[in-house]
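Residue 120 in the working numbering is what sits at position 106 of the sequence shown, and the numbering runs on without skipping anything.
The set of hints was computed from the structure by calculation and includes no laboratory data.
Keep in mind that the hints are not guaranteed to be accurate.
Unchecked claim - Pair ranges (Cβ atoms, derived):
#, residue 1, residue 2, range
1, 39, 209, 40 to 50 Å
2, 98, 202, 17 to 27 Å
3, 170, 72, 14 to 24 Å
What the hints assert, rightly or not - The calculated lysine-lysine pairs, modelled on DSSO-like cross-linking and capped at a C-alpha distance of 30 Å, are:
#, residue 1, residue 2
4, 192, 84
5, 160, 36
6, 160, 135
7, 135, 84
Where is the CB? At the ideal position from N, CA and C, for every residue including glycine.
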Amino acid sequence: MGRVPDFESQEMLQDLGFNPGKPDGDWGRLSERAYQAWLSSKIKAVKSDEPPWLVEARRLLGTKEISGPKHNPRIMGWASKLGISYQTDETPWCGLFVAHCMSLVSDTQPVNPLGSRQWAKYGRRLDKPIPGSILVFWRGSPRGWKGHVGFYVSESAGHYHVLGGNQSNAVTITKVSKRRLLDIRWPESYPVQGEQAFVQREGAVSVNEA
Numbered sequence: 015m016g017r018v019p020d021f022e023s024q025e026m027l028q029d030l031g032f033n034p035g036k037p038d039g040d041w042g043r044l045s046e047r048a049y050q051a052w053l054s055s056k057i058k059a060v061k062s063d064e065p066p067w068l069v070e071a072r073r074l075l076g077t078k079e080i081s082g083p084k085h086n087p088r089i090m091g092w093a094s095k096l097g098i099s100y101q102t103d104e105t106p107w108c109g110l111f112v113a114h115c116m117s118l119v120s121d122t123q124p125v126n127p128l129g130s131r132q133w134a135k136y137g138r139r140l141d142k143p144i145p146g147s148i149l150v151f152w153r154g155s156p157r158g159w160k161g162h163v164g165f166y167v168s169e170s171a172g173h174y175h176v177l178g179g180n181q182s183n184a185v186t187i188t189k190v191s192k193r194r195l196l197d198i199r200w201p202e203s204y205p206v207q208g209e210q211a212f213v214q215r216e217g218a219v220s221v222n223e224a
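Can you build the whole structure from these sequences, using the hints too?
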């Protein structure tokens, strides 16, 4: 539902028995409430070994920011729902994407969830990544303040395959060098379950997620 225009999403919600208000393409409070109700029902129904926040992250694959004066109301809606001051989807939003997905569990989020490196203070540390674990990377310099954050999906010899926001201005799965890893995190409130997922493929690697 996240990959289609908001007017179509509203119609789909209405057809599924959730009330988004009159379908008009304007993603307001009623639409978001209907969407969250639908999402809750979907997560309860889905039979998957993946944690719920990773299920939500996969659902949002393909979500893109809008260049220029207009902004993607879905991305802006995440900030509004979380009470985060956020003016434009041109602002780096990898941390916002993680914050939205992790709102499905009860753990306290970082004081500044937009700061990607702040996620190194979240939950508990893991020694090895498993699907859904939060990967925190440096960007530019290991000693700098810039970074990137996303979810572990799998890995190859030298790279993590990261499902994250603001990767080429969209929610994608991209390869990030293992040398850039700062930390691996997992929510305290959710049982640690899963195994590292190794794949053989290599390819284009992201070096700057801004």
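Here is what the structure says about each hint:
no.	hint	verdict
1	39 with 209: 40 to 50 Å	holds, 43 Å
2	98 with 202: 17 to 27 Å	holds, 22 Å
3	170 with 72: 14 to 24 Å	holds, 19 Å
4	192 with 84	violated, 35 Å
5	160 with 36	violated, 42 Å
6	160 with 135	holds, 15 Å
7	135 with 84	violated, 33 Å
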